[in-house]
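Novice: Sequences listed follow chains X and G, in order.
Numbered per our numbering, the first sequence spans residues 1 to 136.
Numbered per our numbering, the second sequence spans residues 1 to 295.
Treat the hints with caution; some may be incorrect.
Within a straight-line C-alpha distance of at most 27 Å, the following computed DSSO-like cross-link-like pairs (lysine-lysine) qualify [unchecked claim]:
#: 1; chain 1: X; residue 1: Lys82; chain 2: G; residue 2: Lys27
#: 2; chain 1: G; residue 1: Lys27; chain 2: X; residue 2: Lys79
#: 3; chain 1: X; residue 1: Lys79; chain 2: G; residue 2: Lys3
Not the full set, but computed from the structure, chain G residues with beta-carbon under 10 Å of chain X [to be verified]:
#: 4; residue: Leu44
#: 5; residue: Gly46
#: 6; residue: Leu125
#: 7; residue: Gly243
#: 8; residue: Asp280
Here's a subset of chain G near chain X, in silico, CB distances under 10 Å, partners left out [to be verified]:
#: 9; residue: Ile20
#: 10; residue: Pro31
#: 11; residue: Lys33
#: 12; residue: Pro36
#: 13; residue: Gln127
#: 14; residue: Thr130
#: 15; residue: Asn196
#: 16; residue: Phe215
It should be emphasised that the hints constitute simulated quantities derived from the structure, not laboratory data.
Backbone N, C-alpha and C fix where the C-beta goes; we use that ideal spot for every residue, glycine too.
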Amino acid sequence: MTALAIQMAASLAAVLALGWLARWIGLGGDMRITDTAHAISLAHEGIYGFSGVDAAIDRAGYSALVRDREGRHALIMIKGNKFVTRLVTPPIEGRLDHKLLTIDLREPDCAPVTLNLGDKAQYWASGLRHIPTAKA
Amino acid sequence: MEKLPDPVQYAIPAFVALIIIEMIWAKRRAPDKYEPKDTLNSLLFGFGSTVAGVLFGGIMIGVAYSAYAIRPITIPWTWWAWGLCFILDDLAYYVFHRAAHRVRWFWASHVNHHSSQHYNLSTALRQTWTGFFAAGFIFRLPLAFIGFHPAMLLFCGALNLIYQFWIHTEAIGRFPRWFEAVMNTPSHHRVHHAVNPRYLDRNYAGTFIVWDKMFGTFAPEVEGEPIRYGIVKQLGSFNLLWGVFHEWVGIVQDLWRAPFKAKFGYLFGPPGWSHDGSRDTSDMIRARWEHNRDG
């Protein structure tokens, strides 16, 4: 029993040490959404069949909203150095505060996302009100 | 003859050393191949899986011995039996692995291994905590029932697991054609972890890729098409517990909400199946992709 406990403690120490090493040597990198084409491409990769026609990118480049021809919206969020995409479906929990648009997908693993869209924030907030019911 | 060492225990130092070597390679060539939070997450998955093995492994071994007790024949403890055991165990792994991708009950456990958007050696250690609950070990029971000793099966299964560690890397391109034709390799297994529509539900092999070629589930890695890793609906956070249990939570929610006739489908249908067509299975995604490709 003691040997097992020591083995488990050593395993956990090795896990934490490797996790720390990955950070210490600077792995990961800083990923950003660079432009509209990049955002549209990420939306297509994240939701197969989603063909974006327009996008609004957060000023920091960590998130974006992409709209397709049918008026559906895809929300792109940073996760580590990768991106995660979700279709925004009604009922939508959104909040507009000047240039900041906050969207809460109400999914357990997705925190509310605040996009700094500058002058476009109101336009995109308005677009969210007209989203058609779509596949989850 | 029944007391055998656990080869995985001896392999762990090599696993750690190889991960460090791959991290150094990544630092020099492609730092984005690793993400510290993702790496820690994967390794904690592995640690938790080990704890689950300590807690519940005895049940699996007990069931294997029960199956062995009613065997019609006894397969001897000889060299050819070891070779045969390894090959048949790999076939059993193929069948298990295919079911783990095609049946939501088994997928709920196996999804843990696929939920990273990265593909590196730490991903190999991203193992399930709920494998014993899902009872994936039943796929190996027929081998005990036909007369392979459970200790031999456990040893061969451990060797298979060790083999699969090193193929979780982007640091290796392709091997000579003869090797790629027979063995599971980093190239073949990258395809398996991909979410590109052309690659979904392909290359289930453990050690020998020949099973996929025999049963029509093989897809080669296509040059020029960047692979995206993970699952069709990527996890939105690095929350470990959500990562471990999210598909089980989804099953419970679906069973609660679904009409009676649909409940079986949410439990044993393919991942992504829904009674109202509101979700996509991997077959549906690939069919759309093929339709678009063929014009």
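Novice: Does each hint hold? Answer for all of them.
Specialist: Hint check:
The straight-line distance between the Cα atoms of Lys82/X and Lys27/G is roughly 17 Å, inside the 27 Å bound, and the hint therefore holds. Simply put, Lys27/G and Lys79/X have alpha-carbon atoms about 20 Å apart, close enough for the 27 Å limit, and the pair holds. For a cut-off of 27 Å, the pair hint linking Lys79/X to Lys3/G is broken: about 46 Å separates their Cα positions. The interface hint given for Leu44/G holds, since its Cβ lies 6 Å from the closest Cβ of chain X, which is under the 10 Å cut-off.
Evaluation of the Gly46/G hint against chain X yields a held restraint, the C-beta minimum of about 7 Å falling below 10 Å. For Leu125/G, the shortest C-beta to C-beta distance to chain X is roughly 9 Å, which falls under 10 Å, so the interface hint holds. This hint holds: Gly243/G has a C-beta 8 Å from the nearest C-beta of chain X, less than the 10 Å allowed. At its closest, the beta carbon of Asp280/G sits 7 Å from a beta carbon of chain X; the interface hint therefore holds under the 10 Å criterion.
Proximity of Ile20/G to chain X holds as hinted, the smallest CB-CB distance being about 7 Å (cut-off 10 Å). Below 10 Å, beta-carbon pairs count as interface contacts, and Pro31/G has one with chain X at about 5 Å; its hint therefore holds. For the restraint placing Lys33/G at the interface with chain X, the shortest Cβ-Cβ distance is roughly 8 Å, inside the 10 Å limit, so the hint holds. Here the hint on Pro36/G is kept, as its CB sits about 4 Å from the closest CB of chain X, short of 10 Å.
Restraint check, Gln127/G versus chain X: the minimum CB separation of about 13 Å is more than 10 Å; hint violated. Among the interface hints, the one on Thr130/G is violated; its C-beta lies about 17 Å from the nearest C-beta in chain X, farther than the 10 Å criterion. A cut of 10 Å between beta carbons decides the hint on Asn196/G: the least distance to chain X is about 9 Å, and the hint holds. Given the 10 Å rule on beta carbons, the hint for Phe215/G is violated: about 25 Å separates it from the nearest Cβ of chain X.
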